[in-house]
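Number of protein chains: 2
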Amino acid sequence: MQSTRSEVKALTFDVFGTVVDWYNSIVVEGEKFGETHGIDIDWEQFALKWRAGYGPAMNKVRQGALPWQNIDALHRLILDALLEAFNITGLTEADKDHLNRVWHRLKPWPDAVSGLTRLRRRYIVATLSNGNVALLTNMAKFAGLPWDCILSAELTGHYKPDPEVYETAAALLGLSPNEVMMVAAHVGDLRAAQAVGFQTALVPRPLEYGPGRVQEVTAHPSDLVASDFNELADLLGVG
Amino acid sequence: MQSTRSEVKALTFDVFGTVVDWYNSIVVEGEKFGETHGIDIDWEQFALKWRAGYGPAMNKVRQGALPWQNIDALHRLILDALLEAFNITGLTEADKDHLNRVWHRLKPWPDAVSGLTRLRRRYIVATLSNGNVALLTNMAKFAGLPWDCILSAELTGHYKPDPEVYETAAALLGLSPNEVMMVAAHVGDLRAAQAVGFQTALVPRPLEYGPGRVQEVTAHPSDLVASDFNELADLLGVG
Chain A
1 MQSTRSEVKA LTFDVFGTVV DWYNSIVVEG EKFGETHGID IDWEQFALKW
51 RAGYGPAMNK VRQGALPWQN IDALHRLILD ALLEAFNITG LTEADKDHLN
101 RVWHRLKPWP DAVSGLTRLR RRYIVATLSN GNVALLTNMA KFAGLPWDCI
151 LSAELTGHYK PDPEVYETAA ALLGLSPNEV MMVAAHVGDL RAAQAVGFQT
201 ALVPRPLEYG PGRVQEVTAH PSDLVASDFN ELADLLGVG
Chain B
1001 MQSTRSEVKA LTFDVFGTVV DWYNSIVVEG EKFGETHGID IDWEQFALKW
1051 RAGYGPAMNK VRQGALPWQN IDALHRLILD ALLEAFNITG LTEADKDHLN
1101 RVWHRLKPWP DAVSGLTRLR RRYIVATLSN GNVALLTNMA KFAGLPWDCI
1151 LSAELTGHYK PDPEVYETAA ALLGLSPNEV MMVAAHVGDL RAAQAVGFQT
1201 ALVPRPLEYG PGRVQEVTAH PSDLVASDFN ELADLLGVG
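Chains as they are written, first to last, in the numbering used here: chain A, 1 to 239; chain B, 1001 to 1239.
One thing to keep in mind: the hints can contain errors.
Said to hold, decoys possible - Derived pair list, reagent style DSBU-like, types lysine-lysine, alpha-carbon separation capped at 30 Å:
no.: 1; chain 1: A; residue 1: 49; chain 2: A; residue 2: 32
no.: 2; chain 1: A; residue 1: 49; chain 2: A; residue 2: 9
no.: 3; chain 1: A; residue 1: 141; chain 2: B; residue 2: 1060
no.: 4; chain 1: B; residue 1: 1141; chain 2: A; residue 2: 107
no.: 5; chain 1: B; residue 1: 1009; chain 2: A; residue 2: 32
no.: 6; chain 1: A; residue 1: 107; chain 2: B; residue 2: 1096
Don't read these hints as lab results, they were simulated from the structure.
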């Protein structure tokens, strides 16, 4: 069955990297945290390693090597290992919890709020992230992201790219998969969504891993491709 | 453990009757639907009977007599029986589906949008309704309700007043129950929330069942009591 763009009723967004700039947010907040706590480390490497631990940790959950736990818990597991690796000592539990919640305080890419605000005029706009509901809700409040609905892998007991995440999201929205368009900077996410029948839009974020580490992505012929959320609104004909 | 109001970080709202005026919304839309479809019935009785079927249908699910199904499905079960009882014939499937979705198009009480907008400045404001996610999301868009997060019984596989609904909501918000305040017009909802440790606010909606059927409710001593959402914001000290 051929899907057409006019059928789309909801846009579901990957969040880390697609909507918010985790790299720069963590580096900036880490450097401030380091100043106030007397920690002199390379926060760029710290941010990259924290993010690098994320996929493997989720895969352990996906494959059953770890019991289900949400991203706050996985971020904390990785953080505790990183604090050791970077020889950071003397932090209180409150310090560690605050640092772990930097993922609730990530800043949006410059086009994200204005683009989502436009897209929301015509479509339901929802998160579809591996981030947990509390993280995504707090982030939306912090960053002013105008979601209609917070959808998360946490609601499904699976992590992306497991098909259950996408299937459950469409079911919760009361839509068939071809009425939903997944928007992401990562082709793996888009291909997994497409495999269950979602339409797809690729919004590359070449600076996701910081300057000097430009990410290259290759669109699938069926992907709508936009350089940011405002161009996505243009391409979808939203004023 | 004594909970204090200063601990509250999120307000969770019952929706049907507490935030939106289902009675008047259904009567008004029903009468218009009747005119365009040549159906001359008492839409006030129709609305009351539709709502009256809701509790028993949910109880069948809660007690295992019906398999899990969401409120859209339960509303449709009740609607199909009502169409027979009122001798309404000749509707297409699209007509019936449209009529069933009147629950997605309920209008807020006059204070709801302004009160929620104020409360949202300090608190996370979320639905906590037996309505399904799609219904609540569509309603929010239709009515301009500024939720931070759509939480629903549907996410838990239980219906209120089962404790799992409240417990899961607090967990998804990353909060302990005493950090959440349930806001409802119905004391049964508040007592069930309180039983798992939520704080509670009673906002009576005496006209929920229409004029001439004034609902009387008796607050528990621990309930914060407000006549509408703006008074609730006043009592909580939100400017």
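Exercise for the section: Find the hints from earlier in the document that the structure breaks and name them by number, from lowest to highest. Expected result: Result: hints 2, 3 and 6 break, sorted rising.
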